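First to last, the protein sequences are chains H and U.
If you count by the working numbering, then the first sequence holds residues 1 to 394, one letter each, in order.
If you count by the working numbering, then the second sequence holds residues 1 to 145, one letter each, in order.
Check before you lean on any hint, since a few could be wrong.
Stretch-level coverage of chain H by chain U, calculated; a stretch enters the list once three of its residues show a Cβ under 8 Å from a Cβ in chain U [said to hold, decoys possible]:
no. : segment
1   : 60–68
2   : 113–122
3   : 168–177
4   : 242–249
5   : 266–280
Sample of chain U residues at the chain H side, in silico, Cβ under 10 Å [stated by the list, open to error]:
no. : residue
6   : Asn36
7   : Asn111
8   : Gln145
Think about it this way: if two alpha-carbon atoms lie no more than 30 Å apart in a straight line, the pair counts; the simulated BS3-like pairs of lysine-lysine are [what the hints assert, rightly or not]:
no. : chain 1 : residue 1 : chain 2 : residue 2
9   : U       : Lys73     : H       : Lys102
10  : H       : Lys209    : U       : Lys55
11  : H       : Lys148    : U       : Lys144
12  : U       : Lys70     : H       : Lys238
13  : H       : Lys209    : U       : Lys139
14  : H       : Lys42     : H       : Lys91
15  : U       : Lys96     : H       : Lys249
16  : H       : Lys215    : U       : Lys117
17  : H       : Lys102    : U       : Lys142
18  : H       : Lys215    : U       : Lys57
19  : U       : Lys89     : U       : Lys70
20  : H       : Lys332    : U       : Lys89
21  : H       : Lys180    : U       : Lys142
22  : U       : Lys35     : H       : Lys209
23  : U       : Lys123    : H       : Lys91
24  : U       : Lys142    : H       : Lys340
25  : H       : Lys249    : U       : Lys70
26  : U       : Lys123    : U       : Lys71
27  : H       : Lys148    : U       : Lys55
28  : U       : Lys57     : H       : Lys148
29  : U       : Lys144    : H       : Lys102
30  : U       : Lys139    : H       : Lys102
31  : H       : Lys332    : U       : Lys123
32  : U       : Lys96     : H       : Lys215
33  : U       : Lys70     : H       : Lys340
34  : U       : Lys89     : H       : Lys102
35  : U       : Lys35     : U       : Lys123
36  : H       : Lys238    : H       : Lys290
Keep in mind that the hints were calculated from the coordinates and are not lab data.
Owing to the predicted nature of the structure, the values given are computational and were not obtained by experimental measurement.
Virtual Cβ for every residue (Gly too), placed ideally from N, Cα, C.
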Amino acid sequence: MFQRFFVLLSLILLLNVQAYSNELSDIDIHAFASTGFIISDKYNYLTQSIEGTCEFNEAGINFSSLITDDIQIGLQIYSYDLGNVSNNIIKLDWAMIDYSWKETLGIRLGKFKTPLALYTDIIDYDMLYTPAILPQGIYSLYLRESIKSVQGMNLYGKINMGTPGIVGYDLYYGTVSIDKDGSLPKMFTGEDGVFQYSEVKNLLGTRIKWNTFIKGLGFVISYLQSDFMFQINNQGVKSTIEYSQAALKILSAEYSIGNLNASFEYQISTGNVFTEIDMTNIVGIPTINKLESEIDVDSYYGQVSYRFCRWFETGLYYSVNNAEKMDPTINKPDYADWQKDMALCTRFDINDFWLMKFEVHQLNGVGQVLDILQPEEYKGKNWTAFVFKTTFSF
Amino acid sequence: MKQIIHNIFFIFYISALILITNETVNSEIIMIVNKNVRMDTIEPSSIANIYFGNKTKWPDGQTIHVVMLKKGKTHDLFVNKILRSTPSKLKSYWKKVVFTGIGIRPRIFRNEADVVKYISTTKGTIGYIDDSVSHDIVKVIKIKQ
Chain H
1 MFQRFFVLLS LILLLNVQAY SNELSDIDIH AFASTGFIIS DKYNYLTQSI
51 EGTCEFNEAG INFSSLITDD IQIGLQIYSY DLGNVSNNII KLDWAMIDYS
101 WKETLGIRLG KFKTPLALYT DIIDYDMLYT PAILPQGIYS LYLRESIKSV
151 QGMNLYGKIN MGTPGIVGYD LYYGTVSIDK DGSLPKMFTG EDGVFQYSEV
201 KNLLGTRIKW NTFIKGLGFV ISYLQSDFMF QINNQGVKST IEYSQAALKI
251 LSAEYSIGNL NASFEYQIST GNVFTEIDMT NIVGIPTINK LESEIDVDSY
301 YGQVSYRFCR WFETGLYYSV NNAEKMDPTI NKPDYADWQK DMALCTRFDI
351 NDFWLMKFEV HQLNGVGQVL DILQPEEYKG KNWTAFVFKT TFSF
Chain U
1 MKQIIHNIFF IFYISALILI TNETVNSEII MIVNKNVRMD TIEPSSIANI
51 YFGNKTKWPD GQTIHVVMLK KGKTHDLFVN KILRSTPSKL KSYWKKVVFT
101 GIGIRPRIFR NEADVVKYIS TTKGTIGYID DSVSHDIVKV IKIKQ
């Protein structure tokens, strides 16, 4: 169904290019490309960073056009690489028809960027924020593909309340496609497993953004829930992992005045996990183990940034991610239960199209160091990562 | 000697005053719209809402099309004094719009005469220019203070 929609959208765009071949400006074309380098001392940060890696890049190009004053169509193709994830396979990032009926009500159909918290929809576009890497407790780069775009329907609008300010809303329903080469399959299957199947159902989300009467001060409430399941085959052992009513609840506050920006966000992740492990093929007789557990994880961060001049901006954030409590029988240190990150970021806008970023992360805990990136031994709770990134966009 | 220094200082002072006066005279930003827009006055907060995507329709329901200057003194003054923001924030906002697909980038021109010309021929458009630029073919809407 979605493939048909994509083909139809591409045809409309192509026809539009032909129709306006003398006025190419009627098709809006924008692109970006970024590449980075990460190096860390004790543990792998997002990718195999202990030895230093350049496998940290994104690129995309989009085409948009106004069909009428109120109807817009567009699509973006995109690729990224983060260590062993994605490996620059070209994918469709978003493709939609957008009908802005009234200021208070519009509708988007197709694949759209997820309206969630302050940065989920722009997580791939680092030219739109100060750090090279956003606080990972809420904006996980490793898991971004499972949340940054939704296929379905998005109702949106803005309501001017007069003195209290403006309230913008998004309400959306749909699904997310999980790629076999993506991060979620790699996270669950490890080195030896085979990802067989995934399904995301009943994804429902909303974001309500209040631009208050105090200039520059805004609050956002976001909620997202869905049911999803994976099937994995790991050397004959079949596992089915089902998340029921997995939910994200995020509160955000943002203040922006002059060259100063400050933000704070708090997220709670909840849900029930049902795991079924079928070892029949190994044991030879029907052997199925069932496990049930609950997720209740919270993350938060505070961030401040200041632009000193046209070409230089600096920022600082402190983020905390309280990971799931480890099973005491698993041989892991207590600092595997959390990850705290103090990041000092610098951004240099060389011109309107090109920027560079350098930042240092002082980390405490390894709660977000994934098992597949885990070192052979634990070397203490304090560690450091350096990030460089450069981005071109127009 | 003192008299010479005094004279030089006086000349600098007068020159600076002339420059500042010229700056003031030449820096009157006006808002212009296509003649089909049925508005005569607008508040600075409404202009900021338009340029930051919070207001997308004129009161009669027609879509607002934003026109901008690429850079320069008029652009900086408009962003700083009327939008009460910064050029980098405005640029960031529109980059967000185009890369998330939620809108089309505004028309951006290098010179103000082109802004006037485009607005004169395109319904629902709004832009800003320096008052000294010829603008007979568009409608001026007064900024409420």
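Hints versus structure:
Residues of the segment 60–68 of chain H lying with their CB closer than 8 Å to a CB of chain U number 5, which satisfies the three-residue condition for coverage. Three residues within the 8 Å Cβ limit are the bar, and the segment 113–122 of chain H against chain U gives 3, so the coverage statement holds. With a cut-off of 8 Å between beta carbons, the segment 168–177 of chain H has 1 residues touching chain U; three or more are needed, and the interface restraint is violated. Counting residues of the segment 242–249 of chain H whose CB lies closer than 8 Å to any CB of chain U gives 0, so the stated coverage by that chain is violated, three being the minimum.
Remark: the segment 266–280 of chain H is not confirmed as covered by chain U, as 0 of its residues place a Cβ nearer than 8 Å to a Cβ of that chain, below the required three. The interface hint given for Asn36/U is broken, as the beta carbon of that residue sits about 12 Å from the closest beta carbon of chain H, more than 10 Å. The criterion of a C-beta within 10 Å of any C-beta in chain H is not met by Asn111/U, whose closest approach is roughly 17 Å, and the hint is violated. Checking Gln145/U against chain H by beta carbon gives a least distance of about 16 Å; that is not within 10 Å, so the hint is violated.
Using a Cα cut-off of 30 Å, the hinted pair Lys73/U and Lys102/H is violated, with the two alpha carbons roughly 35 Å apart. Of the supplied pair hints, the one linking Lys209/H and Lys55/U holds, its CA atoms being roughly 14 Å apart against a limit of 30 Å. Between Lys148/H and Lys144/U the alpha-carbon distance is near 41 Å, which puts this suggested pair outside the 30 Å criterion. A threshold of 30 Å between alpha carbons decides the hint, and for Lys70/U with Lys238/H the separation of about 58 Å lies outside it, so the pair is violated.
Between Lys209/H and Lys139/U the CA atoms are separated by roughly 34 Å; this puts the pair beyond 30 Å, and the hint is violated. Note on Lys42/H and Lys91/H: the hinted pairing is violated, with a Cα-Cα distance of about 33 Å set against a maximum of 30 Å. For the given pair, Lys96/U sits about 23 Å from Lys249/H by alpha-carbon distance, which is consistent with the 30 Å threshold. The suggested pairing of Lys215/H with Lys117/U is violated, with an alpha-carbon distance near 33 Å, which exceeds 30 Å.
Of the supplied pair hints, the one linking Lys102/H and Lys142/U holds, its CA atoms being roughly 25 Å apart against a limit of 30 Å. The straight-line distance between the Cα atoms of Lys215/H and Lys57/U is roughly 22 Å, inside the 30 Å bound, and the hint therefore holds. Distance restraint check for Lys89/U and Lys70/U: the Cα-Cα separation of roughly 14 Å lies within the 30 Å cut-off, and the hinted pair is therefore satisfied. With a C-alpha separation of about 45 Å, the suggested pairing of Lys332/H with Lys89/U is violated against the 30 Å cut-off.
The straight-line distance between the Cα atoms of Lys180/H and Lys142/U is roughly 58 Å, outside the 30 Å bound, and the hint therefore fails. This hinted pair does not check out: Lys35/U and Lys209/H have alpha carbons roughly 34 Å apart, beyond 30 Å. A C-alpha spacing of about 37 Å is found between Lys123/U and Lys91/H, which places the hinted pair above 30 Å, so the restraint is violated. As the CA atoms of Lys142/U and Lys340/H are separated by approximately 52 Å, the hinted pair breaks the 30 Å bound.
Of the supplied pair hints, the one linking Lys249/H and Lys70/U is violated, its CA atoms being roughly 39 Å apart against a limit of 30 Å. Between Lys123/U and Lys71/U the CA atoms are separated by roughly 24 Å; this keeps the pair inside 30 Å, and the hint holds. For the proposed pair Lys148/H and Lys55/U, the alpha carbon gap of about 26 Å is at most 30 Å, so the pair holds. Taking the CA atoms of Lys57/U and Lys148/H, the gap is near 29 Å; set against the 30 Å cutoff, the hint holds.
A hinted pair counts as satisfied when its Cα atoms are at most 30 Å apart, and Lys144/U with Lys102/H qualifies at roughly 26 Å. With a C-alpha separation of about 25 Å, the suggested pairing of Lys139/U with Lys102/H holds against the 30 Å cut-off. For the given pair, Lys332/H sits about 65 Å from Lys123/U by alpha-carbon distance, which is inconsistent with the 30 Å threshold. Pair hint Lys96/U plus Lys215/H holds up; C-alpha atoms about 20 Å apart against a cutoff of 30 Å.
Taking the CA atoms of Lys70/U and Lys340/H, the gap is near 41 Å; set against the 30 Å cutoff, the hint is violated. A C-alpha spacing of about 26 Å is found between Lys89/U and Lys102/H, which places the hinted pair at or below 30 Å, so the restraint holds. This hinted pair checks out: Lys35/U and Lys123/U have alpha carbons roughly 8 Å apart, not beyond 30 Å. Only pairs whose Cα atoms come within 30 Å are accepted, and Lys238/H paired with Lys290/H is accepted, the gap being roughly 12 Å.
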